[in-house]
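Enquirer: Now for the letters of each chain:
There are 2 protein chains.
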Amino acid sequence: MPKNILFVMCDQLRHDYLGCTGHPVLKTPNIDMLAENGVRFSNAYVPAPLCGPCRMSVYTGRYPRSHGSYWNGSPLRIGEMNFGDHLNPLKMRTALCGKTHMTPDLDGMARLGIDPCSPAGQRISECGFELWDRLDGVYPAKGTRRPSHYFEYLNEKGYKGDNPWHDWANSAEGADGELKTGWFIENNDLPARIAEEDSETPYTTSRSIEFIEKNAGDSWCLHLSYIKPHWPYIVPEPYASMYGPEDVPEPNRNERERENSGPLLGAQYEKRSAKMFAREKLRDKAIPAYMGLIKQIDDQLGRVFEALKDTGQWEDTLIVFTSDHGDYFGDHWLGDKEFFHEEAVKVPLILFDPTAAADATRGSVCYELVEGIDLLPTFVDFAGGEPNYDVLEGHSLMPFLHDPKAQPVRDYAISEVDFSETYACTHLGLPVDKCRMVMVFDGRFKAVFSNANLPPVLFDLENDPKELRDIGREASSIAALAKLRAHLDEWSMAHHTSGTTPISRRIDYEDSECEIGVLIGFYDEQDVKDTPKAVHPLS
Amino acid sequence: MPKNILFVMCDQLRHDYLGCTGHPVLKTPNIDMLAENGVRFSNAYVPAPLCGPCRMSVYTGRYPRSHGSYWNGSPLRIGEMNFGDHLNPLKMRTALCGKTHMTPDLDGMARLGIDPCSPAGQRISECGFELWDRLDGVYPAKGTRRPSHYFEYLNEKGYKGDNPWHDWANSAEGADGELKTGWFIENNDLPARIAEEDSETPYTTSRSIEFIEKNAGDSWCLHLSYIKPHWPYIVPEPYASMYGPEDVPEPNRNERERENSGPLLGAQYEKRSAKMFAREKLRDKAIPAYMGLIKQIDDQLGRVFEALKDTGQWEDTLIVFTSDHGDYFGDHWLGDKEFFHEEAVKVPLILFDPTAAADATRGSVCYELVEGIDLLPTFVDFAGGEPNYDVLEGHSLMPFLHDPKAQPVRDYAISEVDFSETYACTHLGLPVDKCRMVMVFDGRFKAVFSNANLPPVLFDLENDPKELRDIGREASSIAALAKLRAHLDEWSMAHHTSGTTPISRRIDYEDSECEIGVLIGFYDEQDVKDTPKAVHPLS
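Chains as they are written, first to last, in this note's numbering: chain D, 1 to 539; chain Y, 1 to 539.
So that you can see chain D by itself, here it is in the shape it has in the complex (with noise of 0.2 Å):
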């Protein structure tokens, strides 16, 4: 039988903006229907709160503090194992239709001869997937430069131009015909002057079901990567006029927060998207077409679900749905993401598991602390195959999925972000190698630690589930910043860069040495005997 997973990755989706997740005004029925019969994970976190960082930990199953891509552009290092050479020694295809962010280590490969062109140098840049689809934007990915076939389809719609992603796709008319960018939060209240069937989201659903109608009966994981609800806010009719300033809630923030905070959360309003969304009314013109952008996702993954069903697959196919961070929509004084409130730092995530293994969780709740480098264990795990945790450092969340009663795969989560190539960095006067900051979440309480000496971040979820005050650097958290702070400790000490020896290939080393005749430690054949493991090649 054929394993298939449907891994649907939304880009800058919040974890409060669906149904199933207690939005009171937005319906998801087609991503709840999962949740109604797969297992809801409460408590996900990426690995980084930004897509690059957070997108090449999910592939390679690693933090950004191993693979070492710690910003957007930043490529991932030639040698980490990447995404298909997990999967396809399972005889998994993976394949992929949307976003990956993902830049190829071009230095690298010259270093060692690859042609970046050949079918090795490709996979290798595509960080392990086969391209049938891949949309990134904008701009092609940077390094390979590839053009989307998006733009090619949309100029042979009559969408005319050489960016017709953003004059179309991404941009609505004004009164007189004027194109008004939709990356402008002024405009993001106004239709995208595009068809709805050709807008990104459906385009790539569509593309996405050629694929599993064309490859019924093999062995994939389709990596279903929609390009949102991230900038810009802009969607067409229907879901422009869907939701209106009304639907709106009020941002979870108070001037408390602005007056109390540290260097490090202070910088963060430095930032051109915090200062823009501080001001008054931006949420009512973003909000609501972000709103319609999620509703239209749901609306297509409808589609796709009904082509599994249609094509005999739905019984063999895990789906998966989460995004790679949230957004904060001046929350905290804050715009877009890359700090740790839970607005950014937390994402949805459901796993819908159709085999009858997972029966006992139907529609069940996790509230384990998990994280996006989970996934790709879990993913060879429902494949068949034993994940390499030399490498990967993440846990199958298989466990999860058939027992009700499975055991926590962690004390706490762990996210980071290097802020060195941001306004923060030179706001604070910092040298580029002290902008880390590291969260650590033990369910109660969230800590941020920065390696430049800067007072931690610290909120209480417990006493304080909105992250309005921050108490590091109140006397009465020395105990709570402490136990935190041990945690990144043993974090930081792990192997981060091991995976060249296998821990099931360690054996006890003074014993293979004898094996291959280094004697070391014996004064003479009486020793030898002496040592009931020891081998003797010489006698």
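No lab work stands behind these hints: they were computed from the structure.
Because the structure is a prediction, the values reported are computed rather than measured.
Ideal placement from N, C-alpha and C gives every residue a C-beta, glycine not left out.
Check before you lean on any hint, since a few could be wrong.
[Unchecked claim] Below, computed lysine-lysine pairings styled on PhoX-like, alpha-carbon distance capped at 20 Å:
| no. | chain 1 | residue 1 | chain 2 | residue 2 |
| --- | --- | --- | --- | --- |
| 1 | D | 275 | D | 285 |
| 2 | Y | 483 | D | 434 |
| 3 | Y | 483 | D | 483 |
| 4 | Y | 285 | Y | 295 |
| 5 | Y | 281 | Y | 180 |
| 6 | Y | 405 | Y | 3 |
| 7 | D | 295 | D | 285 |
| 8 | D | 309 | D | 3 |
| 9 | Y | 91 | Y | 3 |
| 10 | D | 275 | Y | 529 |
| 11 | Y | 160 | Y | 180 |
| 12 | D | 214 | D | 309 |
| 13 | D | 483 | Y | 434 |
| 14 | D | 285 | D | 180 |
| 15 | Y | 285 | Y | 180 |
| 16 | D | 180 | Y | 529 |
| 17 | D | 529 | Y | 180 |
| 18 | D | 180 | D | 91 |
| 19 | Y | 281 | Y | 27 |
| 20 | D | 91 | D | 214 |
| 21 | Y | 275 | D | 529 |
[To be verified] Not everything, but these chain D residues come out facing chain Y in the computed CB check (under 8 Å):
| no. | residue |
| --- | --- |
| 22 | 65 |
| 23 | 67 |
| 24 | 68 |
| 25 | 77 |
| 26 | 79 |
| 27 | 108 |
| 28 | 114 |
| 29 | 115 |
| 30 | 231 |
| 31 | 272 |
| 32 | 278 |
| 33 | 282 |
| 34 | 490 |
| 35 | 494 |
| 36 | 495 |
Starting from the known structure of chain D, arrange chain Y on it as the hints suggest.
Expert: Then chain Y, alone, in the frame of chain D:
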């Protein structure tokens, strides 16, 4: 003008077994001559007190935790920039005579489609060294399994057998002509059954002289890497009779050390070599041979220096003399290495720069903390390049050669051991991922921390220069330990995996996004105008 580097490394040479480092008996005039004309570093520490990880660090300029080769035989991960990657682009050949302990990452090569036998594959397999004559001792390197030329040389010279390295160069003969292996300490007071000129050190020396003679006029870095005075401690005449038990100092140990030991140090006592050297009189057999081996190296270096002069290359050649780690020889009740007392972790380091720029420092001693990972950046610097500090974690030592007032390059030295493949792991009952030890030494206090919550080891070298009293579990040590722990945390939190985005290429990401048409954080056109640095490609 060509620039050359003669990079001499001994294997297992203690810091205090040279004339210039104060040995009371052993005279090493050739090595001392380097110190008299160059700079001797009296506080040089290895990245790991163990051959393989130390060497991989020296050859990559990175800590073991960064390159991932944590133990002997642990392959150097594919993609790590190696010795040649840093020096070859400067038109400097990198050649090897002797030992590297390099194990190639064959799995990684297979994954990337690199044939280990192709020119690129061979270069990667040898860490960027061109093999003039690799000699790793009794067995060819795992993986490559290339036989050493030395075996052929011995056979041609009439030393018969499959393993003439062992049977002649590293064995003695009994009264009845029976073979007595040099691996056994019992036999270390006997001479090796080989003509002195055919033993390892003269062989490797002659091969290096060939290189020096044939390549005069080119720029080269020759790694003259003696496999001695590493075990087997056996040397031919006249060196075998040169030193005797009367030249062996009392061991640096006392009973209190064993009584007072915590688990981390206590587990080391369980090692075979430790138990063996705890016995009486073994030192009297091994150490005189060890001294003979060192004396032989010193004599052979005289030949090399003559060759440099004879070929007119003396004035163009930076000469570096060091070791990969020391040897306990029963000091502190330990044998071999793998822990962090000065006997194991401190090495001799002398740099002789023949150019006029170094005249101000000739014959001086530098007391600053330096590390084995400083060598590669020093070589790049000497060769006229800009050390790539995105990858290299050490610091060029050239300032110390040119300026008597050069500033320290670090506040603390780091060394690491992962003992998951040793009996200490079994003895302590630890999982293999909890066997990491890191030494932090600030010039006075030296701590060894574990990632298994074992109490740290601490020595105060100001009040206890012989490191006979572990004060790691004493209440009065809290402040010193906290300071060293803060250093460890800073070091642990640093990037150890980056290298794909050079610091010089790091830019303000918000602006760079704008340049490619990603306009995040703008409400309208006015916002763009109000943002001084932003580029606006759509206008």
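Enquirer: Check the hint pairing residue 214(D) with residue 309(D) against an upper bound of 20 Å on the C-alpha distance.
Expert: Holds - the C-alpha atoms of residue 309(D) and residue 214(D) are around 14 Å apart, at most 20 Å.
Enquirer: Holds or violated: is the Cβ of residue 231(D) closer than 8 Å to a Cβ in chain Y?
Expert: holds, 5 Å
Enquirer: Would the hint linking residue 285(Y) and residue 180(Y) be met if the CA-CA limit is 20 Å?
Expert: holds, 14 Å
Enquirer: Could you grab the alpha-carbon distance between residue 285(Y) and residue 295(Y) and see if it respects the 20 Å cut-off?
Expert: Holds: residue 285(Y) and residue 295(Y) sit about 16 Å apart, inside 20 Å.
Enquirer: When you check the alpha-carbon spacing of residue 483(D) and residue 434(Y), does it fall within 20 Å?
Expert: Satisfied, since the Cα-Cα distance of roughly 19 Å is no more than 20 Å.
Enquirer: Sort out whether residue 180(Y) lies within 20 Å of residue 160(Y), counting only the CA atoms.
Expert: Holds, at about 16 Å.
Enquirer: Has the given pair, residue 285(D) with residue 180(D), been kept, meaning a C-alpha gap of at most 20 Å?
Expert: Holds, at roughly 14 Å.
Enquirer: Tell me if the interface restraint on residue 490(D) is satisfied: Cβ within less than 8 Å of some Cβ in chain Y.
Expert: holds, 6 Å
Enquirer: With 8 Å as the cut and Cβ atoms as the points, is residue 77(D) at the interface with chain Y?
Expert: holds, 5 Å
Enquirer: Against chain Y, run the beta carbon of residue 494(D) and see if the smallest gap drops under 8 Å.
Expert: holds, 7 Å
Enquirer: Regarding the hint that residue 282(D) lies at the interface with chain Y, is the smallest CB-CB distance below 8 Å?
Expert: holds, 6 Å
Enquirer: Does the interface hint hold: is residue 272(D) within less than 8 Å of chain Y, judged Cβ to Cβ?
Expert: With a minimum Cβ separation of about 3 Å from chain Y (threshold 8 Å), the hint on residue 272(D) holds.
Checked against the numbered hints given earlier, this structure breaks hints 6, 18, 19, 29, 32; the rest are met.
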